[in-house]
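Peer 1: Produce the entire structure from the sequences given, and follow the hints as far as they go.
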Amino acid sequence: MTTDHEAPKQADLERLNHNIAKMELLSQRLVAAIGRRTPRRQSLQGPSNELFVKAATAYMAEMVNNPSKVLEHQVSYWGKALKHYVEAQQFLAKGKLAAPPDPTPKDRRFSNPLWETHPYFNFIKQQYMLTSEAMQQAVADLEHLDDRDRKRVEYFSRQIMDMLAPSNYLTTNPEALERAVETDGESLVRGLENLVRDIEANNGELLVSLADKDAFKVGENIGTTEGSVIYRNRMFELIQYTPKTENVYKTPLIIFPPWINKFYILDLKPQNSLIRWIVEQGFTLFVVSWVNPDASYRDVGMEEYIEEGFLTAIDQVKAITGEAKVNAVGYCIAGTTLALTLSLMAKRKDSSIKSATFLTTLTDFSDQGEVGVFLDDDFVDGIEAEVTEAGVLNSFFMSRTFSFLRSNDLIYGPAVRSYMLGEAPPAFDLLYWNGDGTNLPAKMAIEYLRGLCQDDKFAQGGFGLFGETLKIGDVKVPMCAVACETDHIAAWKSSFNGVRQMGSKDKTFILSESGHVAGIVNPPTKQKYGHYTSDAPIEDPDAWRAAATRAPGSWWPVWGEWLAKRSGAKVAARMPGTASHPVLAPAPGTYVRAIPTSDTAPG
Numbered sequence: 002m003t004t005d006h007e008a009p010k011q012a013d014l015e016r017l018n019h020n021i022a023k024m025e026l027l028s029q030r031l032v033a034a035i036g037r038r039t040p041r042r043q044s045l046q047g048p049s050n051e052l053f054v055k056a057a058t059a060y061m062a063e064m065v066n067n068p069s070k071v072l073e074h075q076v077s078y079w080g081k082a083l084k085h086y087v088e089a090q091q092f093l094a095k096g097k098l099a100a101p102p103d104p105t106p107k108d109r110r111f112s113n114p115l116w117e118t119h120p121y122f123n124f125i126k127q128q129y130m131l132t133s134e135a136m137q138q139a140v141a142d143l144e145h146l147d148d149r150d151r152k153r154v155e156y157f158s159r160q161i162m163d164m165l166a167p168s169n170y171l172t173t174n175p176e177a178l179e180r181a182v183e184t185d186g187e188s189l190v191r192g193l194e195n196l197v198r199d200i201e202a203n204n205g206e207l208l209v210s211l212a213d214k215d216a217f218k219v220g221e222n223i224g225t226t227e228g229s230v231i232y233r234n235r236m237f238e239l240i241q242y243t244p245k246t247e248n249v250y251k252t253p254l255i256i257f258p259p260w261i262n263k264f265y266i267l268d269l270k271p272q273n274s275l276i277r278w279i280v281e282q283g284f285t286l287f288v289v290s291w292v293n294p295d296a297s298y299r300d301v302g303m304e305e306y307i308e309e310g311f312l313t314a315i316d317q318v319k320a321i322t323g324e325a326k327v328n329a330v331g332y333c334i335a336g337t338t339l340a341l342t343l344s345l346m347a348k349r350k351d352s353s354i355k356s357a358t359f360l361t362t363l364t365d366f367s368d369q370g371e372v373g374v375f376l377d378d379d380f381v382d383g384i385e386a387e388v389t390e391a392g393v394l395n396s397f398f399m400s401r402t403f404s405f406l407r408s409n410d411l412i413y414g415p416a417v418r419s420y421m422l423g424e425a426p427p428a429f430d431l432l433y434w435n436g437d438g439t440n441l442p443a444k445m446a447i448e449y450l451r452g453l454c455q456d457d458k459f460a461q462g463g464f465g466l467f468g469e470t471l472k473i474g475d476v477k478v479p480m481c482a483v484a485c486e487t488d489h490i491a492a493w494k495s496s497f498n499g500v501r502q503m504g505s506k507d508k509t510f511i512l513s514e515s516g517h518v519a520g521i522v523n524p525p526t527k528q529k530y531g532h533y534t535s536d537a538p539i540e541d542p543d544a545w546r547a548a549a550t551r552a553p554g555s556w557w558p559v560w561g562e563w564l565a566k567r568s569g570a571k572v573a574a575r576m577p578g579t580a581s582h583p584v585l586a587p588a589p590g591t592y593v594r595a596i597p598t599s600d601t602a603p604g
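In the numbering used here, the protein residues as written are 2 to 604.
Derived by calculation from the structure, the hints in this document are not laboratory data.
Where a beta carbon is used, it is the ideal one built from N, C-alpha and C, also for glycine.
Hints may be right or wrong, so weigh each one.
[Claimed, not checked] Derived pair list, reagent style PhoX-like, types lysine-lysine, alpha-carbon separation capped at 25 Å:
1. K81 with K107
2. K571 with K245
3. K251 with K319
4. K458 with K477
5. K81 with K95
6. K81 with K270
7. K84 with K95
8. K319 with K245
9. K251 with K506
10. K107 with K84
11. K251 with K571
12. K477 with K355
13. K458 with K350
14. K350 with K319
15. K251 with K508
16. K571 with K319
17. K355 with K571
18. K444 with K477
19. K251 with K350
[Said to hold, decoys possible] Quick list of the computed label-pair ranges, beta carbon to beta carbon:
20. A595 with E15: 44 to 50 Å
21. A552 with A595: 39 to 45 Å
22. P587 with S49: 45 to 51 Å
23. A202 with G96: 48 to 54 Å
24. D215 with P40: 30 to 36 Å
Peer 2: Here is the structure:
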């Protein structure tokens, strides 16, 4: 017979034992899932050993040529670490279960109060922060590395430091330990379930789920702006959106989104949909929805994206609307390709594009920004070997690479919440889209990486396509460029430098706050991020920025006014489709939902 006091204890013990049993079963599933993992090509997992050799050689050179500086670094680090150790011991010796003064900077990874107050967790945190600071300083002071190698060493050193943060490990994360005790281990069971689910879903690879995959369905609660597919070929579906005004501007607008991701980033929920907003402003809008290629597309290159994609889509819009000219928008890689297309059209005397808008677009790759650490031969050689074998660059690699540009936000933070705290991924539309990636055709991927990213041919002498040499100065139509202040993929100054070299006499540059996606998907209703405009010449990015004026809120209305001035008079609204272009499917179409039939697992 148990007493009332013993009953809760018995229930807690049974719950704990039940959770332990579940963890044993989940561990078996985990082992089985990892066993299905395909051996990975080492060249795609990290930089080559050559970079580490260069870093070690540079450090040895510092020790030989400037031993006093190296010794000063070491003594400074040892002094800080020892001082902190002594202070912690003194507090304990006085019988105080408290942490000594903590001069380390604030860091949201250590937001739990126990990182500040508990002597054990605070000691680990302070030692980690001191060590990270010492490593960063040691790398920054290396004098025997060129700028490119220095940037790579700094980046990958920071990745190692971020990975080793005590917040990433159960035994040194106070929040995770508290949650495990409070739930009798249930949080760890849920975390293990989340881990097993992610590894099973990615053929043995670990790719953290950033959003609840069941919370959204394209065409039902995201990507819902009304429209119709009115043209389709092997490269894209063309969507014409249903007007929301009685009259529309005469010149139609076509958006070319990047084919690295899916177009509905511009049409998430109605309240943050750029597509819906454009239609509401009275523009006849067409959007390209690119195919998600499989291995049968291995020989599709930049020429096919331009001829069968851009030029064909423009011709179809002209045929549907009866207009001789269109306004065009290119986002990210599609902006780069729009610039190539404009150069080709100039050589062909084709004036079908009236104005061009470039969103977070690189056309000058002399400064590749943070993503440049992945564009040396060690990685690109690995990608070339991968796509030669598979026919496509699997979306897994692109997703992982872009995640590592913000590893604490997109890898370690979500992993801690999911796997150690047992939390379900959030129902966040932007993160859902981020996990819905696409493949890249083999030929196109290598042409882009070698010819544009590495060799910078478009801005440096010309990029050869269609038997022509396409040059950045050939872009001469009126243009507007929107860059984002903290963009990790297309650094704003690099975007600016490309615009500077274009031959257009009518140039407008807008700098949005925030990053590559959030700075673009920034609706006026939120008033979240501001933007900068300037009348300064498009010559020097720092001078332009110094003269710029900040305005609160979205850049959309400023661009909308710019576009309206280049879109002609108003005409009666155009409904999707014509006799020659019947409706094939409702928006968002079929390509955006399709899964490649011969998709290959990452190697």
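Peer 1: List in ascending order the numbers of the hints, as given earlier, that are violated by the structure.
Peer 2: 6, 18
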